[in-house]
Amino acid sequence: MRVSNTVRRMLGWYEGESPGTKANIARILCTGRLAGTGKVVILPVDQGFEHGPARSFSPNPPAYDPHYHYQLAIQAGLNAYAAPLGMIAQGADSYAGQIPTILKVNSSNSLATSKDQAVTAGVKDALRLGCAAIGFTIYPGSEYAFDQMEELRELTLEAKDAGLAVVVWSYPRGPNLDRAAETAVDICAYAAQMAALMGAHIIKVKPPTEVVSLDAAKKSYAGFDGSTLAKRVAHVMQSSFAGKRVVVFSGGEAKDLEGVYEEVRGIRDGGGNGSIIGRNTFQRPKDDAMAMLNKIIEIYQGKA
Amino acid sequence: MRVSNTVRRMLGWYEGESPGTKANIARILCTGRLAGTGKVVILPVDQGFEHGPARSFSPNPPAYDPHYHYQLAIQAGLNAYAAPLGMIAQGADSYAGQIPTILKVNSSNSLATSKDQAVTAGVKDALRLGCAAIGFTIYPGSEYAFDQMEELRELTLEAKDAGLAVVVWSYPRGPNLDRAAETAVDICAYAAQMAALMGAHIIKVKPPTEVVSLDAAKKSYAGFDGSTLAKRVAHVMQSSFAGKRVVVFSGGEAKDLEGVYEEVRGIRDGGGNGSIIGRNTFQRPKDDAMAMLNKIIEIYQGKA
Amino acid sequence: MRVSNTVRRMLGWYEGESPGTKANIARILCTGRLAGTGKVVILPVDQGFEHGPARSFSPNPPAYDPHYHYQLAIQAGLNAYAAPLGMIAQGADSYAGQIPTILKVNSSNSLATSKDQAVTAGVKDALRLGCAAIGFTIYPGSEYAFDQMEELRELTLEAKDAGLAVVVWSYPRGPNLDRAAETAVDICAYAAQMAALMGAHIIKVKPPTEVVSLDAAKKSYAGFDGSTLAKRVAHVMQSSFAGKRVVVFSGGEAKDLEGVYEEVRGIRDGGGNGSIIGRNTFQRPKDDAMAMLNKIIEIYQGKA
Amino acid sequence: MRVSNTVRRMLGWYEGESPGTKANIARILCTGRLAGTGKVVILPVDQGFEHGPARSFSPNPPAYDPHYHYQLAIQAGLNAYAAPLGMIAQGADSYAGQIPTILKVNSSNSLATSKDQAVTAGVKDALRLGCAAIGFTIYPGSEYAFDQMEELRELTLEAKDAGLAVVVWSYPRGPNLDRAAETAVDICAYAAQMAALMGAHIIKVKPPTEVVSLDAAKKSYAGFDGSTLAKRVAHVMQSSFAGKRVVVFSGGEAKDLEGVYEEVRGIRDGGGNGSIIGRNTFQRPKDDAMAMLNKIIEIYQGKA
Amino acid sequence: MRVSNTVRRMLGWYEGESPGTKANIARILCTGRLAGTGKVVILPVDQGFEHGPARSFSPNPPAYDPHYHYQLAIQAGLNAYAAPLGMIAQGADSYAGQIPTILKVNSSNSLATSKDQAVTAGVKDALRLGCAAIGFTIYPGSEYAFDQMEELRELTLEAKDAGLAVVVWSYPRGPNLDRAAETAVDICAYAAQMAALMGAHIIKVKPPTEVVSLDAAKKSYAGFDGSTLAKRVAHVMQSSFAGKRVVVFSGGEAKDLEGVYEEVRGIRDGGGNGSIIGRNTFQRPKDDAMAMLNKIIEIYQGKA
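Chains as they are written, first to last, in my numbering: chain A, 299 to 602; chain B, 299 to 602; chain C, 299 to 602; chain D, 299 to 602; chain E, 299 to 602.
Bear in mind the hints are in silico, worked out from the structure with no lab data behind them.
All residues carry an ideal CB built from backbone N, CA and C; glycine is no exception.
Among these hints, one or two may not hold up.
[Said to hold, decoys possible] Facing chain D, according to a computed beta carbon distance under 10 Å, are these residues of chain C, among others:
(1) Tyr312
(2) Glu313
(3) Val417
(4) Gly420
(5) Thr435
(6) Gly439
(7) Pro470
(8) Val483
(9) Ile485
(10) Ala489
(11) Ala514
(12) Lys517
(13) Arg543
[What the hints assert, rightly or not] Restraint ranges, calculated between C-beta atoms of paired labels, are given here:
(14) D/Ala602 with C/Glu441: 31 to 41 Å
(15) C/Arg563 with E/Ala410: 52 to 62 Å
(16) A/Glu560 with E/Gly336: 35 to 45 Å
(17) E/Arg477 with D/Glu441: 47 to 57 Å
(18) B/Glu448 with A/Thr411: 24 to 34 Å
(19) D/Ala602 with C/Gly521: 28 to 38 Å
(20) A/Arg477 with C/Arg307: 49 to 59 Å
Pulled out of the complex, with its shape left as it was, chain A reads as follows (with noise of 0.2 Å):
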């Protein structure tokens, strides 16, 4: 695998890994079309324990069987495909070694009474899975976020021990969070921040809005220009080790192809590595998926 000097250079943020996990952050940045040039396109499919298979995959039918998204990800040449448990097993001996995966090993459901996650799977699944990373998801401002983040402390710490890479999805929510603050720049900046304090090595956060939510962190926004994405986005790998993070947005709802190309030139532009874009791609045929992948590679190269 050709490790790309952008990629050393990345790689030598993460102090104190083992080469283990350093190995297995570059099998991610050297994988797919953008290899080497330190960006990133993830497809994640965890919609359909989220919000189950429906409301997921009915727009698209192909999409019901795990087999598509693993050669939608190749296929389209991203540098990694993340799922959970299921999902990933039914595929993995198909594809094995063909895409880096991460094991999503916490979810959600629409059915549930509480706004938690269930831990649904580990580091041993992972290693017989041969994937590259677990995936973990807190809610930052949910009334589990202290058992949600200890949870992640003794996956990451299981993890790194056995050479796996560990990513993030940071998504505040919570009885004090309205729908514009779960978006909002400071707290975006802020969940970006508590991954990497607890040792995240990738970082999925959803795209910032101009909103400054907490009340207490007005003052320290009082200067700031949040006029575009690429400044907001700007500011949350600021607020991610001065950018010593890899840090990847979050594609959110399905919406129409120019708003998805320009916010991934807000991405772009603000020093972002990346999207991690589900919904956006298996909902459409795949021929359009494809297009729109391509397209967004391209601007991730700057040729777009």
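Chain A is already provided as a structure; the job is to place chains B, C, D and E on it using the hints.
Okay, now just chains B, C, D and E, sitting in the frame of chain A:
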């Protein structure tokens, strides 16, 4: 490492502790410009977790980078640097062996719905990262205080088994404590006492005010002269095994320089062991912070 | 990583193995200039342990430096690099993710008083160092063979649990085997068979000679035509589950280039999977080694 | 799977065993053309380990491929297939659930310097590969017999804990036993008794000859009529808890067909449970082997 | 603790090691009068175990007291003090933190019936006593060498997990090595190589003589100029990963001062990292020892 007579005498306080733990206490006491004096100045950087990145670092943007704090603590000649897992790791290789580190193993955050903390790291992390101590916050008075104490007990046992030192942030708060109570002299003294009783080697409390808060304690303080910070600090020291524990005082919110120096003189004159001072340092431009720390150190050296 | 149809078919041989193990086998088969062909060239450097440093490296002093071997294997486009703990570690950070590594977990040495090996590393080391496989030597025929097999069994179980591949060096030797017997065709075939039965994924044996050594086996070889190396290699492959294991052949003692190439052609023509070739590479000046490896690769590519 | 009254009665013999273990014994007894009769024919293929590949498979080269043996056992309607780790694994996916497998967990080889065996697999492997039983060889009379028995005890305990059955190959050999002694009727009966005492569920011994070998036993056999194989087999069955263990007899070296059939009739008429017959099957062309196995099954069915 | 650029570069050699381990290596390299130079002088006192108390300490009776050695090492400005459990413990409180200690975890003795060593302490002891490293002796060439290596492997894994450094005494001896062989240049180089391959951070060997001992190695040394100690030391350093391990040389038997100084100059000029010198120090009156150590340090400083 030169261990002064003063420090040797102080190590004698820690009866029943292993030589490994004493060596780590010694390491903190014998590093930096105050080495060997029994006085300490420690840089704590957990505000990114507690208050979020912008509130913590936007006043001085270079501080977004974890290396900044290592450099600041080393260049200013401080005794130790304390931070959560991600901050300590990001620099642990580059600055290996250059300054004792204290791994803050629990953390709260401003999005939390409860006045608790999450355990975010442990003793294995501390050993792997070469830390001299773990740091743990308890909130005596909170609904979570007993749980926190039980977490502290487990971590303390494990840390001492591994030859590490234990630093306890003892911060009273909770439903029966109003704002004034949190820094009342009786409450601060009580907080220090509880930390000592739990087995802490180094205790961090807030500088006490003249307030006496607990009704039940008022009679005991009838003849107490708490008119100066020095006298109040002396009482906190007395409450820490007759001065036989290292007690350091937080700097609290950013304030003007003279306010900082006056407080430090009070701590010194009351026999306190030193300051653990975060926001007041890293929220200033580096040169200002260096000048301020120089002055603080000179105060503890009795030169200013 | 592109996994060719050839490799996908080969992965199908490894029934009962986890996707993690298959992915690591795929990683070895899909790296370097022979990626995807089913052919492999591996650089093994355990001669420092086996024969001592001067006998190993004095013919080409840059080879004293562990980084040299990483560079050689990467630049020559080999499939993997195999070495003991210290050698793999010294380079594991610098070359993280650049080439699959095989941690040789037992080693003999020339000062030893018995024909045994010491277990010098394990699966935890392999995970921490990001290795794709562990490597283990057995000496069928030795007084220690049963003990070695039992060590191998334990390590194999643990390696497979962790999603690693297992490479077995099967080198017959012992009181009843004279020099000629050690490379006799019946003995080499038997050695390969035993490694396969023990659960090895990749098997290393010596190129077999025309000798048939075991009296009890002579009748079975009555009609066997072992007149060319290709025919003898074909028999070894047949003895490795009808060719359904990856079998690589050692290069043996340093020899002249034409001798090396002729041997490689024999391995290729007999359907062997490749060469694991140490001394013949690193004991030459680097340019010569690169030229030789280029030629060997071309032979396996059917171009030379 | 239909469990006949005969088999239900036989399961009643195995007092103290778990339902899981009984279900696995039932699985062996209720598979193939002899299902439910209490008779069994098992295919064992460990000769590749014991004698090497060419001696084992060159008489019938398709047998080099592990799949061959699965197919043979399934197509001939046998009760089970027994082999070492690599052989069982290579086919475990393709033939999952099609025939009960017995994982042979220790093995000797013809290069060995001592008459011992190596433990080459274990209960975890058997569970992972879906085996019904483990198989283990002891050599009563050998210098290693006590060690082997202690290994057997550990593995038996573990196997029964996991609901597996235990098959013991009980093959007397050693310094005080000459060639004739190894198949002497008193020795065979003794070997079966020891296996039963060790907790074996299925016992494999060699067909006994008329020889009485142990001097100390001769008086006991004074009135014994061992003139036919049936009478000798009946004595072995008697020695196996009065017939309350499943005892199968090996086929020994390849012999002519009539010899094989005569031996099988003797086993049947003496009340033996069946045959475990390797070389005589897989060293013939497949059609011949199928015809022979058909005849053997008809003999056990009382039709031939 | 000031970590010089030289030491920072040296820490870079130890790829794959945790910051904790690197910090402990740094602690040894940055203590005493040679701090930061990359040179080290270590006091080892295991002769009480190896040779008995009178042979060790009667030439200088104050040395019977374990405190004597702590004082000597500290006052002379050495880098570290190495001794068995009891010696380290007796003084661990009194001198906590004053000098890095190396817990010698195996030991031989003069009453022993075999040329082996007993493991007499472990990693938990080292942590509890505040040691920077464990020390372990292997005897390559002995009948116990493989067992010792396997003990070392276990202890090394555990030590590195706990952030400790590993020092290996590599002392060839055994039935095939005569007295001259034990210090032969080829054997010393081989001993250093094996320690490095086992994962040692600091290697102790004996100063090599001009002898080349192994017949098989003689050809490799044909053109080797070993006429001075410096040249021979340079070869040992080359054999230690091209100089990328810290290698220290024992002082051997007590000798006259000029002999000691000459040897130290040879080590220095050959690029060796320093001396580990026991009997030559503690068997002299303290003032003489201090003078001698002062001179040795000056030699390593290039001043003498």
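For each hint, the structure was consulted:
A least Cβ separation of about 8 Å between tyrosine 312 of chain C and chain D falls short of the 10 Å threshold, and the interface hint therefore holds. Residue-level restraint check for glutamate 313 of chain C holds (minimum Cβ-Cβ distance to chain D is 4 Å; threshold 10 Å). Contact between valine 417 of chain C and chain D, as hinted, is not supported at the beta carbon level, the nearest pair being about 15 Å apart and thus beyond 10 Å. Of the supplied interface hints, the one on glycine 420 of chain C is violated, with its beta-carbon coming no nearer than about 17 Å to a beta-carbon of chain D, more than 10 Å.
Evaluation of the threonine 435 of chain C hint against chain D yields a violated restraint, the C-beta minimum of about 15 Å exceeding 10 Å. Here the hint on glycine 439 of chain C is kept, as its CB sits about 4 Å from the closest CB of chain D, short of 10 Å. Look at proline 470 of chain C: its Cβ gets to within about 6 Å of chain D, closer than 10 Å, so that hint holds up. Residue-level restraint check for valine 483 of chain C holds (minimum Cβ-Cβ distance to chain D is 9 Å; threshold 10 Å).
The beta carbon of isoleucine 485 of chain C comes within 7 Å of a beta carbon in chain D, closer than 10 Å, and the hint placing it at the interface holds. Contact between alanine 489 of chain C and chain D, as hinted, is supported at the beta carbon level, the nearest pair being about 8 Å apart and thus within 10 Å. A hinted interface residue such as alanine 514 of chain C counts as satisfied when its beta carbon comes closer than 10 Å to some beta carbon of chain D; here the least separation is about 6 Å, so the hint holds. Among the interface hints, the one on lysine 517 of chain C holds; its C-beta lies about 8 Å from the nearest C-beta in chain D, closer than the 10 Å criterion.
At a threshold of 10 Å, the smallest CB-CB gap from arginine 543 of chain C to chain D is about 8 Å, leaving the interface hint in force. The supplied range of 31 to 41 Å is broken by alanine 602 of chain D and glutamate 441 of chain C, whose beta-carbon atoms lie about 49 Å from each other. Between arginine 563 of chain C and alanine 410 of chain E the beta carbons are some 56 Å apart, a value that agrees with the proposed interval 52 to 62 Å. Range check, glutamate 560 of chain A to glycine 336 of chain E: Cβ separation about 56 Å, and the 35 to 45 Å hint is violated.
At about 39 Å, the CB distance of arginine 477 of chain E to glutamate 441 of chain D disagrees with the hint of 47 to 57 Å. The beta-carbon spacing between glutamate 448 of chain B and threonine 411 of chain A, approximately 28 Å, falls within the hinted interval of 24 to 34 Å. Remark: the range hint 28 to 38 Å for alanine 602 of chain D to glycine 521 of chain C is upheld by a beta-carbon distance near 35 Å. The given range of 49 to 59 Å is respected by arginine 477 of chain A and arginine 307 of chain C, whose C-beta atoms sit roughly 52 Å from each other.
Hints 3, 4, 5, 14, 16 and 17 from the list above are not met by this structure, while the remaining hints are.
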